[in-house]
Amino acid sequence: MTSPQSQMAAQMAAQLQSTRSLPVSPAWVNSFVSSSTTALQRNVPISALTQTALFRLLASDLRDSLQTNNPATLLPVDIFDPTVQERRLQGPVPVQVLDIEDIGTSLWSQLEAIERVERGEAVRGREIVRAVNVGDDEEEGAAGGGGGGGGGGERSRIGPAANDSHGPHRLIVQDAAGTRAVALELKSVQGISTAKLSIGAKLVIRNATVARGMILLSPDCVTLLGGKIENMDQKWKEGRKARLLARITELQGEGQSG
Amino acid sequence: MSRILCVAEKPAIAKAVAQHLSGGSFQTANVTGNRYVKNYQFDFNFGGPWGHCHVTMTSVLGHLTELEFAREYKSWLSCPPGALFEAPVHEAVSSDKTAIARNIQQQARQSKALFIWTDCDREGEHIGTEIRKQAQEGNARILVKRARFSNTERAHVLNAARSLIELDDLQANAVAARIELDLRIGAAFTRLLTLQLKPLSSALEDTIVSYGSCQFPTLGFVVDRYLRVKNFKPETFWGIKVLLLREGIKVNFLWKRVHLFDRAAVTVMLERCLLAKTAKVTKVNQKPTSKWRPLPLTTVDLQMMGSRFLRMDSQTIMKVAEALYTKGFISYPRTETDQFDKAIDLKKLVEKQFPDQNWGQYARDLLDGGFRTPRAGRHNDQAHPPIHPVCWVSPAALSADEKKVYEFVVRRFLACCSEDAKGQSTEIEIEYGDEVFHAKGLLVLERNYLDVYVYDKWESSQQLPKFQLGESFVPTEAKIFDGETTAPNYLTEPELIALMDANGIGTDATMAEHIAKIKDRHYVAVNTRGGGRTAVKELIPTQLGIALVEGYDNVFAGMPNNPSLSKPFLRKEMETRMREICAGSRVRQEVVQESLDMYREYFVHTNRRINALKDAIRKYLPN
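Residue numbers (this note's numbering), protein chains in the order written: chain A, 1 to 258; chain B, 1 to 623.
Just so you know, these hints were derived from the structure itself, not from any lab.
Treat each hint with caution, since some may be false.
What the hints assert, rightly or not - Under the rule of at most 25 angstroms between Cα atoms (straight-line distance), these lysine to any residue pairs were calculated in the SDA-like manner:
(1) 572/B - 195/A
(2) 280/B - 220/A
(3) 241/B - 209/A
(4) 187/A - 230/B
(5) 277/B - 88/A
(6) 237/A - 235/B
(7) 241/A - 232/B
(8) 479/B - 87/A
(9) 241/A - 440/B
(10) 277/B - 83/A
(11) 256/B - 195/A
(12) 187/A - 241/B
(13) 230/B - 109/A
(14) 440/B - 282/B
(15) 187/A - 281/B
(16) 187/A - 341/B
(17) 277/B - 109/A
(18) 280/B - 249/A
(19) 479/B - 82/A
(20) 187/A - 488/B
(21) 241/A - 231/B
(22) 187/A - 434/B
(23) 187/A - 510/B
(24) 230/B - 88/A
(25) 277/B - 112/A
(26) 256/B - 249/A
(27) 237/A - 560/B
(28) 277/B - 209/A
(29) 241/A - 484/B
(30) 280/B - 87/A
(31) 233/B - 119/A
(32) 233/B - 87/A
Note that the coordinates shown come from a computational prediction; the quantities given were computed from them, not determined experimentally.
Please take these sequences and the hints and turn them into a complete structure.
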């Protein structure tokens, strides 16, 4: 019964649980171990193998790879309830990102920024530059812009300095059981931005406040593990411009009827 | 006594220089065949190896020669437009300048040396080489020198006459390269566009659809902004406002996030504030602050500030400034330099303004102890100082426009020599729930330069009551406000100049011309928004202007590196190469070949996809 393989699987699962708070499902870890026979034959150390497992896990859909038998590692199923003023989410709850949105910037400026990238341009102050020439400045621009706290409104903002988002961001996250929730970046969390965070990226939330159905994110309650789910991420990126356009159109409709 | 021939760029400069060198007594002779150019004769001691000389001071009228295609390529239908990239070109004296050229040849014959007094910039250097060529045709052994000057004030001119330098052939070469590229590229594209597009619309019957490598990106900026305004969709945003009544003062705290575009999120944030009940003061910053006096004045700044504060377009401003310079009231108005050389006696220049009714007293106060050395910017073109007044002139001697520009130049100069404005700023930051808010107060203590530089505004705000660091209070009110995003405004001329400057389109000397050109060609129209003192002139593209930019963007759509001619990239590369010629790191022929190869490729592409342009014309213009 306790074959070396299943022993190894158990060891790896324990490792992922203790270092990353990821309760891997036995089925997933077993299939991972049995698919790694060549590595096993070559006596690859277990720590290296665990690292590979983590990498796969971050690229997987959590609904397939994590256990769902411990409610403490899941979101409450009624988490969205807007009548609950405040509750605590003890966790740790691993979740994956399904959507991210910059609510500090108008949809229209986000759309303009996407179109600039499509044309191969970037804006540096008043200067329009070919995006290929921007290079490392982009990172600095984003960091500098983030500290500005929202900038001076639409009129003065001819164009964001870099092609990264200002924030705060609103995310839709999903747990291993498939429960979805809205998360609001109440305090800036490094790595959360439309350019840096992929769809399917994994976060672990612990000891967070949930207010009116929104999980309030701050650096002390989020651990960003990263990763992405390739096909979802690609679809999200391809459809982003169309979604922004559709929402703008929708808003105009509301404006006219209201 | 040897004879010396001096040649200036314009008759007015020749006369001004002749006046200073001769001490006022010179003889004037007409030049056969030209009404404007005169020869002024007098004696002058140039010192050094030259000593006492008989001088003839004359001038040209800008460029003497023109680059043109060989005769068989001149007619529009003589060759396919693409042939103009290789067609032979030659430099010839312009037909209306032959009398001037002949005058220089004749005068050179009897002269030992030629001293060139053209403006000290790239174009002036090139005009200098044109003058030299004519003089050498008259006298192959004539010696050639150049005077370096940036205004026509007496001492400055005398000093220039006694410290002559060499003509800078590198700068002249850069101009020659630019002229050849502009001719070939401009003619090829203009012929192609005009021949192909004209038959499409009755609106194009009497026009030329021109292309210029600066003109087009300039138009591109106007169209780009226009489309952004047209396509704009407003969106609602929400924010949180916190109010505190203390010591009878209403203190408004502004949200650090300004506003967000998600109502639910803002509602939750406000609720978190209200739940927290008290706000805590996390920062009380009271510190001296100052508003910096302006930097010394450059051409681009003059054009931008001028069109903003004086309500004149940039081309008019430059014409007026040019006139003020020619008359000797201000220094050369084409300069990139925003730092004063240590050698300039600034106090003396301030002193010259004593007689003025309006700012004379201010100038006196400056010399009574208020004087400060001007701030130095980071630009120095090594040719001209920042624009400054050279002497005082009575307002009665100036036209209305001249008065405005002169006043601006003087006030700006006096402001540069003044102390910064001083004040005290107070910033209070509070934490309320998870949110941060702040309130700011400003107390202006000393106005200093603001007293003379009436164009800057800096005023005390409402005063804040006392706050203690770490204290808590219950805000009187906290609530959500909403608002809507607004479209950007159409491009104004100062903004366009700033864009051209940042993107390397044109030089400080030519920007105004490019803007005037796209107006002349009816690619853009000027529209006045608002009225009275707040009226703003906006640039709006015509249907033709939009059609050309859209058409060109479509022609180049999908090509790697987005080489559309409505974008500034190509021109910027060309400008960089001109600078390399000036610096001596590239040679003229190589640069011309390289740029022509690049543009030829785009020309071929345009020719192949001309239908994209035609479609755009059909879309926007009646047929």
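Quiz item: Going straight from one Cα to the other, do residue 256/B and residue 249/A come out at no more than 25 angstroms?
Solution: The hint is violated at about 29 angstroms.
Practice problem: Sort out whether residue 231/B lies within 25 angstroms of residue 241/A, counting only the CA atoms. | Solution: Answer holds: residue 241/A to residue 231/B is near 15 angstroms, not above 25 angstroms.
Exercise. Measure nothing beyond the straight line between the CA atoms of residue 440/B and residue 282/B; if it is 25 angstroms or shorter, mark the hint as holding.
Key: holds (14 angstroms)
Practice problem: Sort out whether residue 220/A lies within 25 angstroms of residue 280/B, counting only the CA atoms. | Solution: At roughly 21 angstroms apart (the allowed maximum being 25 angstroms), residue 220/A and residue 280/B satisfy the hint.
Exercise. Assess, step by step, whether the Cα of residue 237/A is no farther than 25 angstroms from the Cα of residue 235/B, and give holds or violated.
Key: holds (23 angstroms)
Quiz item: CA of residue 479/B to CA of residue 82/A, is that 25 angstroms or under?
Solution: holds (20 angstroms)
Quiz prompt | Straight-line alpha-carbon gap residue 187/A to residue 341/B, limit 25 angstroms | solution = Distance of about 50 angstroms is beyond 25 angstroms: violated.
Quiz item: Holds or violated: residue 241/B with residue 209/A, Cα cutoff 25 angstroms?
Solution: Measuring from Cα to Cα gives roughly 24 angstroms; hence the hint holds.
Quiz item: Given the proposed pairing of residue 280/B with residue 249/A, does the C-alpha separation stay at or below 25 angstroms?
Solution: Roughly 42 angstroms between the alpha carbons, so the hint for residue 280/B and residue 249/A is violated.
Quiz item: Is the Cα-Cα distance between residue 277/B and residue 209/A 25 angstroms or less?
Solution: holds (18 angstroms)
Self-check item: Restraint check for residue 241/A with residue 440/B, where alpha carbons must lie at most 25 angstroms apart
Solution: violated (39 angstroms)
Quiz item: Between residue 277/B and residue 88/A, is the straight-line Cα distance small enough, at 25 angstroms or below?
Solution: This hinted pair holds, its Cα atoms lying about 20 angstroms apart.
Violated hints for the displayed structure, listed by number in ascending order: 1, 4, 9, 16, 17, 18, 20, 23, 24, 25, 26 and 32.
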